[in-house]
Amino acid sequence: MARPGNDARPLRVAIIGAGPSGFYAAEQLLSHHGLVVEVDLFDRLPTPYGLVRYGVAPDHQKIKSVTAAFDRTAANPRFRFFGNVEFGKHVTREDLAAHYHQILFTTGAQTDRHLGIPGENLAGSYPATEFVAWYNGHPDYVNYQFDVQQEAAAVIGVGNVAVDVTRILLRSPEELATTDIADYALDVLGESRVKEVYLLGRRGPAQAAFTNPEIRELGELPAADATALPEEVALDDLSKAFLDRTQDRTTMKKVEIIQGFAAHPPSGKPRKLIMRFLVSPVELTAADGHVAGMRLARNILQATSAGTLVAKPTDRREDLPVGLIFRAVGYRGIPLPGVPFNQDWGVILNEKGRVLDPASKEPVAGLYAAGWIKRGPTGVIGTNKPDAAETVAHMVEDAAEGKALTPTEPEAGAAEALIRERQPAYISYPDWQKLNEMEVQRGKAAGRPRVKFTRVQDMLAALGR
Amino acid sequence: MNIAHMLARKGGHVFTVRPEQTIREALAALATHNIGALVVVDENDRPIGIISERDIVRWAVLDEHLFSRPVRELMTKNVIVGSPEDDLKSVAHTMTEMRVRHLPVVVGGRLVGIVSIGDVVKAQRDEYEGEVATLQIQITEDRS
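So the protein sequences, as listed, match chains D and C.
Under my numbering, the first residue of the first sequence is numbered 70, with each subsequent residue one higher.
Under my numbering, the first residue of the second sequence is numbered 264, with each subsequent residue one higher.
Next comes chain D alone, as it looks inside the complex (with noise of 0.2 Å):
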């Protein structure tokens, strides 16, 4: 039989997770030249785009336009999209199975990566990740509670999930009222006591992995102060030989913008953000059974043999009365059911995009992953779509070849009628548009961009199911 592809027999792939890289491979599997292709996108919520609805901060708004291009991609007949679907649960790898001749993964790093340090899970204490998809409506958060009463507030790591929520912090409720952050957050940050948050680094200046405009927005709020001390922002020998060297311009900015919150004096804006640098949490202190503190460790600088400058902890120690703690250290992916995984990285594993079977290391016929299940939680969104293009690249190059799944019914009705059955709560593209146009429409009268849904059965019950 002739290799599907064609009008008459199109190349039918699922994709697994309706966030950037489900959308870009989509749109490249749909428009590649000379191959027919169908695509059905799947997700185990009811809306689509995951971290940019649900990561991309509510502040952000200029950053989830991206979405008018995945809009693009879903108005393509050759594309449908299944929420409120998961994998694992609804459909198994043998169902898709059965009706794919491709499925690729692009679940993205949905776990956060641990301290290990005493005290970590004390409450008071929470993964920055859960704080991100609580404010930002994501259904399976919507319950979570975050101690906001305390006036002290420690944010650790220098990333962007970081920044994000020590902005968030630090916004008044004025502020955050013109962004579509989850109506239930709005209420509990309104009532927030935070005054001082802390942002802590391990390394120093030069190597905090937040972008210039990241840290340029933090010292122009309206509502706090950026402050940092004079003595750990001036450059370390390593570092400013490092510069020197690369002639990193954009580092050079970044340092100068953060000694510059270091020369000037607050002027008494309400909030204070404390940016730390050098500094390692060891342990979390408890009163009451609630965080009371964290016991910093001082770092010193040290070049790898491959010339990275790594933290490394001295024996200075120093105590930090913070009652509110939020870890961003980084996620990791965790496993799905049925799909050869790679511990030591936390992805699926992969070369270049084809699952490998972990035994032959050869890989599997007709599996595939892109993103942060493929390669981790690194870039930004943009990232993703050459990271999508590689994987794409070896799906049409496989399918050529006739190394695919054999699927005993590749139509798209018997899939329909599966999901159906699995799932009769399941969201298409156009109803996701109606409840869109709802949350919108919502905003509107309140001045913003929109008021999400954040509970599953509000989103059908609004939709009359």
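Take these hints with a grain of salt, some might be off.
Unchecked claim - Pairs of lysine-lysine residues, derived as BS3-like cross-links and limited to a Cα-Cα distance of at most 25 Å, are as follows:
(1) D/K264 / D/K341
(2) C/K352 / D/K381
(3) C/K340 / D/K421
(4) D/K503 / D/K131
(5) D/K472 / C/K273
No lab work stands behind these hints: they were computed from the structure.
Following the hints, position chain C against chain D.
Only chain C this time, still in chain D's reference frame:
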């Protein structure tokens, strides 16, 4: 982006050779796997050197009997190694400056992967492309 992210999509397999194996065997492995270098490991799988196609080519000009000699005699012993937390920027700089094409990655003495200059160039390109794609979207799609 750091070395861990570069290794995550490489399947984790590293091709190695023992110091007592011959250059002929090393060449066969390079050709079979279509790679440019092999990490030389001792009996405990600890990396003790590296041997590249370049090393072999350069010696082949001088020594006709090269192919039956042991890898030990040609390998580079003072190997620059990486660790998973090494970031892309410094690795790219170090590999370019030191003219190193392959960086074995080691955790606690154990070999966990290898990063080639090709991997580094691709990772840098993907980062730039990603940033451009993101900026393009923000310019063309901005509705706020």
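Output the numbers, in ascending order, of every earlier hint that fails for this structure. Result: hint 3 breaks, nothing else.
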